[in-house]
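Visitor: Protein chains in written order, with our numbering: chain A, 545 to 948; chain B, 8 to 584; chain C, 4 to 211.
Think of the hints as simulated: they come from the structure by calculation, not from any bench.
Check each hint, because a few of them may be wrong.
[Claimed, not checked] No more than 30 Å apart at the CA atoms, straight line, and that leaves these computed lysine-lysine pairs for BS3-like: (1) A/K635 <-> B/K68; (2) C/K157 <-> B/K493; (3) B/K493 <-> C/K114.
The primary structure of each chain is shown beneath.
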Amino acid sequence: MSRSLCKTFVMLLCLLPLKGLSDTPDPSVWEQVQAEARGQTVYFDAWAGDPQINRFIAWAADQAQRRYGIEVVHVKLSDTAEAVSRVLAEKLAGNNDAGTVDLLWVNGENFATLKQNDLLFGPWAEQLPNFSLVDADNHPEMRQDFTIPVEGLESPWTRSQLIYYYDSEFLPSPPRNIHELLTWAKANPGQFTYPRPPEFLGSTFLKQALLELVEDRQALYEPLVLEEFARITAPLWSYLDELHPVLLRGGRSFPSSGTQMRRMVGDGEISLALSLSPAEASAGIAAGELPETVRSYVSDAGSIGNVSFLAVPFNARAKAGAMVFANFLLSVEAQLHAYRPEVMGSTTVLSMEVLSEQERAAFANVDVGPATLSVEALGDTLQEPHPDWVGALEREWVERYGAR
Amino acid sequence: MVPASAPEQSLVGGMAQRALRLAPWFMLLILLAPVVLGVGLTILPAFGYLPAIGGEQFTLKHFVALYQAPGLTHSVTVSLASALVTPFIALSFVLLFLAAASGTRLENWMRRLVAPLLAIPHAAAAFGLAFLIAPSGLLLRWASPSVTGFTSPPDALIINDYWGLSLMLALTIKEIPFLLLMALAALPQIQADQRVNIARSLGYRRGLAWLLTVTPALYPLIRLPVYAVIAFASATVDVALIIGPNLPYTLSVQVLQWFNDPDLSFRFMAAAGALLQLALTLTALLLWRGLEICFAAIGRAYALSGHRGRADGVLRGIGLSGVALAVGLSIGGVVALVLNSFAGFWRFPESLPRSWNLRAWGDASADIATPLGNTLMIGALATVLAIALVIAVLESEQRFQKRLSPSLILLYLPLIVPQIAFLFGIIVATEFLQWTPSIAMVVFAHLLFVLPYSFLALSEAYRRLDPRWAQLAATLGAGHWQVFWKVRVPLLLAPCLTAMAVGFAVSISQYLASQLIGAGRVPTLTTEAVALASGGNRSIIAVWALLQALLPMLGFMLALFVPRLLWRNRQGMRGSA
Amino acid sequence: MKAQHLQLNNVRIALQGRELLAVDAVINAGEVLTVMGPSGAGKSSLLAYVAGFLAPAFEASGELFLDGAHLNRLPAEQRRVGLLFQDPLLFPHLSVGGNLRFGIPAAAQDKDAIVTDALASIGLQGFEQRDPETLSGGQKSRVALQRLLLSQPKAVLLDEPFSRLDTHLRREVREFVFKRLREAGLPAIMVTHDQEDAEAANGAVIAL
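All chains should be modelled from the sequences, with the hints used to inform the complete structure.
Guide: Structure, rendered in structure tokens:
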């Protein structure tokens, strides 16, 4: 028996990882990148809190296997920060060529952290064959992530914009902006809540509220000056102090994600909720999670919008595979698939102007559902504040409300 | 004096014999090295030393920062309360139940129910409970609006409540079957029936007779499992993530959050927090030890006072209803999971969904291959390695007639030391060594927990096997290995399989070890299920939780039916399971 | 063939410094040495010492010879000393035939035939596949003895072999056992506290 034990241990030792080798592919020679990518395994670290997005990624991974011979493994994160901290730890441990992350769904302060610490491979994004489809010259948001210049270190793959959705059965005329929200909430306690920051959607709500509440937005688009923080954000905290007692559970507990809020609307537990996907409500109806009476709208003061990006860490093993996959996600086919509300309902990053007639028609023919907002209805997009603000707001929020 | 065994004839046999002699030490090394090393590597960063991220000097400032962290006092309070309340209630119910039910048909009935209940992993049980008792949960749906008058879910903080009551409830209903199983396994050793009969003949009512005469003998035999429950309740991450307080979190979850913060300087605070968690768990154990002494003294005083007690019926009632409630909530949770997994749109307070569909199952079947494969592979490897080692150690004990009793208690160290306190250090080490997370590493991490539980499950049966079987076989000319394969293994097949089922279930339920050591790249059913918790889509969570519960259930069923099938014509082998 | 004999040279067994027994004896082929004494006197430890599995807690000295071969250095399975316990101890996971086969040395030819003959000789023809648990007490005892004899021992130890049997069965089994041992010409040591056993054994008696 102990002989077989020995054998097993030797076998297990062989399973122990060996250090891999990697070289740096040149994205400007695309054929070469594609050739190198074939047979690679791409570990794609992406937030996995939304089953619809997970399913889309699974579809895309399947396509990548068929078309390019790349195995894409979705490493499901509950918080993107996990992956960022891992890459950072790898760098500090001197791991320069055998990283555990090949491709990372990232934006905002996580991108800022990665860029600041030289943790990214590139520039590569603008050399992707499909990058021309986003028409970055006419869409500057493709080159800016929370005011930080992207500089080819990330490739866009989806857009998000903060919307409200509500059950019209219980709420015939929802509050149109942050001020009306407070008045309405006071009259209807327990009917609204938002995800607990630092959850992404929760933090976005804080930024939206701040943008609507401050008089001068300009300061928010610049790096944070610590001394100014208290003064500038004071209106937000006094607003939240008033709002929290009339939230669901009196503000003593917050949902952990947007999907959880969707469930609460479905149950009739709350009647107003938030999402970063303009098609959330239609997708929810299609999935049988929301009643057909749900509708969406955006704040009449404009709503925060951003682009979600993909980045490749400096020590990724499968850089070529990661780029080929990022390029596929930018393709018309992938974007069109993601656009369908029953798939993911995401707003495309492609620019309709540069697409062919046929491609434009394909997008136009998608039935986005009654609860999805048209591009016109989405109104003005408010740009994301400088990433410095995110961390500071989150910390202050936790300090004030996270531990009573 | 002649040595108990003379040299074996064959070289291979001799080598195997020597390996066997070393087996106990090998097992202790496997279990202790990672824990001791891991804690050591946590202590350094807690005091500011972690050169890889710029910590060059020893300092106490991270403890100061920890002390000032918002909500820390409350986190610690809830964790400590959970560590004491959970085992106290679970143990009380178990003892009162046994006092009421021992020797009755109820006890037999419970014997059969306990394994499947135990098979439900903690995460799945927590989901089930949440689906049952949440404001929009099954219980309120069924009671609304007829009983409660609610037409929409009440705005009540039940799940994720501030004081962690739902967390403690989830842990309690999960630990009751565990302690019951341990107690039922220990009872035959102490002739419980005789003790009760003597006390009854002296005029004590049955329940009280049991409590006064059996508990003092039983408790030492289940003390270790109770300590494991305390440690688990004080430091659980997965259950707390699902159903525990989140404003603030429990200490263990908060430490994990700091560990995952993109700002690496939080890792120092995480390390300090991990040490605090260790101190908290040890404090809970010490307080519990104090409770033990108090209760022992009270029990002795009461027994000597000669009171025959009048509250017998009340005590038995508490035990029976407590265990019945736990069983009911567990089964109700599974029902809630099953209903939700097939549910279409389901508005509150409708008692059943408006429509049914297989969407969630279909979606899961598309995603399940990798996590299921990983789970099975890790579970199988960890279980087989663990049982091989456990048997090697027990066989070595038999063959060399040496019991390792004092050092063997160290076996249970991984169950007592909070996972977060040593996994942290192991992660730091693997990052430093640039080991890519692999299945093999996760298997080793699981082994730390599978081994002690397998040992716990098998050792009694192995040691209690009548030594005359081996002696008889030897006088008939069978050598050590023949005795082992032809006599001991078949006679102990049922308990071995049960121990494997326990080990497999333990492996399946591991969250932190899979998540941290696997760095998210070795997804298992459990990591996927817990990751989905933040999503909140009930159907999908339900499917994954059910899948997670199904595997250990299959394991226990195999362990039950394989011996029955094998020994269907051997009356002497019945009841050996 | 030279008559077999078992020799105990100055055997002493002690526990924690307290001497339990001292025996010096030669048992010839077909003879039974009876050791009598109250429980706790160390009767069974004497058998364990001769069989080769005395627990390390005991201190034992003295030499053992079987047919002139030195036993002390041999492990239990190589001593060729058979042991009959209080209980028949038929392996519950094996059939009756399987129990008998367990006793037959590996080198033996045509084991099936040996088993068939052995069963016939104890009046249990056709019992090969039977579950041992379905046998009567007397049948079990016979199978146990037959199993022991099939292992071709050179000496036999009997550890209160009849004490669990009821009175009329005891006489029958006792006669059967002693008869077979005499036929096989084996030296035996019997430990008992039953005077009738000692008388039936018809050999030397040591009282502790």
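Visitor: Hint by hint, say whether it matches the structure.
Guide: Status of the hints after comparison with the structure:
1. A/K635 <-> B/K68: 25 Å, holds
2. C/K157 <-> B/K493: 23 Å, holds
3. B/K493 <-> C/K114: 17 Å, holds
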